[in-house]
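Participant: Now for the letters of each chain:
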Amino acid sequence: MELDLAQFLTSNFQQFWEFTGFHNVTYEHLIMICVGLFFIYLAIKKDFEPMLLVPIGFGILVGNIPFQMGNEIGIYEENSVLNILYNGVRAGWYPPLIFLGIGAMTDFSSLLANPKLMLVGAAAQFGIFGAYMVALWLGFMPDQAAAIAIIGGADGPTAIFLSSKLAPNLMGAIAVSAYSYMALVPVIQPPIMRLFTTKKERLIRMKPARAVSQNEKILFPIFGLLLTCFFVPSGLPLLGMLFFGNLLRESGVTTRLAKTASNALTDIVTMLLGLTVGASTQASEFLTKETILIFALGFMAFVIASASGVLFVKFFNLFLSKDKKINPLIGNAGVSAVPMSARISNNMGLKYDPSNYLLMHAMGPNVAGVIGSAVAAGVLLGFLG
Amino acid sequence: MLLCFTVSATSFAQGRRGLRINEVMVQNDSNYIDDYGLRHGWIELYNSTYNHMEISTVFLTNDKANPRKYPVPRGDVKTDIPARQHVVFFADNEPNKGTFHISFSLTPGVDNWIGLYDTDGTTLLDEVIVPASLGANQTYALKQDGISSEDGKFDPQYWEVRDGSDEKYITPSSNNIIIDTNENIEKFREHDSSGIVMTIVAMLIVFAALILLSLCFYLFGYLNARSAQRKKAIAHLGEDADAESAAKMGHDSGEEIAAIAMALYEHLNTHDIEETILTINKVKRTYSPWSSKIYTLRETPVRR
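Respectively, the protein sequence lines represent chains A and B.
First residue of the first sequence? That's 1 in this note's numbering, and the numbers climb one at a time after it.
First residue of the second sequence? That's 1 in this note's numbering, and the numbers climb one at a time after it.
No false leads were mixed into what you were given.
The calculated lysine to aspartate or glutamate pairs, modelled on EDC-like cross-linking and capped at a C-alpha distance of 20 Å, are:
| hint | chain 1 | residue 1 | chain 2 | residue 2 |
| --- | --- | --- | --- | --- |
| 1 | B | LYS231 | A | GLU216 |
| 2 | A | LYS351 | A | GLU201 |
| 3 | A | LYS324 | A | GLU201 |
| 4 | B | LYS97 | B | ASP34 |
| 5 | B | LYS143 | B | GLU127 |
| 6 | B | LYS232 | A | GLU216 |
Just so you know, the hints here were simulated from the structure itself, not pulled from any lab data.
One chain only, chain A, in its complex shape (with noise of 0.2 Å):
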């Protein structure tokens, strides 16, 4: 009898050890579980985006927990929470539903007082193609070679999306990559910057910004809507949600609406998106020689979107009267990572005059860039969806 006991408990042991953690760990967890606690290091620490790398972050450990499949508890298993959260990411909702947010949330005036800088936004829009053709070379199929090059656009919302139709694969991988380079523009793009301008160009002032009317502010989502839906349907989503959350914010009668999507709607969605997208990144799925590429590349779309901005710059500038001219060290700005992007050509300003501030300026190729990108996406989905 007693030895009987002692069966049941040591099997019952057993099977709990099996069950555990410690029992299935694998060195590709480990690794991922440090990507996961570098990225809270970056956050916390080091104050890079802390909004999409503490969620993401938080996501790799929630991710990477070993455990045996079965019990409906992977991000992977159906009807496991994770699951049903991670639907908004793998049916492309969330994306939109942040857009709604950043629309919300954006003040266009910027770009409306100064149309041309449009053009700084799409130029930057390079880097995403530019990638696209090495991935091809490198062997990628034209759709996954396309999901891969929009982490050129800056945009991880739109890098979701797109990858969620076109490589839904590689969707874990192109997503973690975005964000980290949007959290790692401040370390990207100042040597671009400083490599592709001269010391009179970075020292360029501009002239102050025109007032825009609050009827031109309304027209804007409206027309924007209109303009670049007709010419890209498949950007619906993505766009129809930003022009919508612009005009919420400039109509100037729903200001609650406004409230609730650039606060607490957008807020919600970013933890869902950021946890689930982290949580994705399963060692099994994640740790293969496509992610590495896809970082590789991400990388270098990266560059090519920042070095483009400000190559087209200074050569929009050969066509502009002197006192027109623009500062080239608004053209990284072109990428949308909003704001980051544009607080760095201010910074990077500042540096060379205290008192030339290109903040404003540089607000407007960087929403430029959100259109853009989202603009781009939709014709890489329209020809290969």
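Using the hints, position chain B against chain A.
Facilitator: Below, chain B alone, put in the same frame as chain A:
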């Protein structure tokens, strides 16, 4: 709520129009077998919409005078067809065998008219006339799944006879054209392996969209500035008119006007009397433990 209901009800009604007769076999000797292991003629329906469609209570018939001949029964989950998917009905004239066994059969060697009616029994959703020449184990199928005349009237140009050969394969309960690749991707793979065409075209589209948007807002800015100028001019015009009328009245300087005003004031001794009464009321708030801060505080634990 009313709006949501109206919109969703309308879209549901529109959705039924997307139901199509997709493929028909009249004489089945060696083809698809039913769940009883028997062979009959069959009719394949296709949900051509991009949303699932519940088809219970639509009617299948082979008699124009009796459009309600076979109502698709309610309460079977299989009558909810997923988007762009199919169901097969066996024409065995044995409706008691189950939902997908209909109350009429098809006759070889004659033209077979088959109609599909909406729930009201009068709206024709789709129809087909299967030619008498259709042989055994052959089907009459839409060349492309779900693509036929928009009004549901039969048009033979959308249909073809399929004999089960490699080119004309028979596909009960699956697509008439088997798609094993993404045509778009293959096209780009073949003609644009370097991605240059995509880059040029896509960048042109991105630039075109944003140039158009910027031109639009240059125009709005310009119109806005013009309107502001006009308003300013009108305001100036008003000021000028005031000045002109003042000039006509005389040349009173500001000092003169001020002196006159002062004199009038002294003369009338107009002191404006304050009518407002200031009072100080004691504000009383009745105590309630529900709102008491004391009760919401936790006591500091005492170490004994």
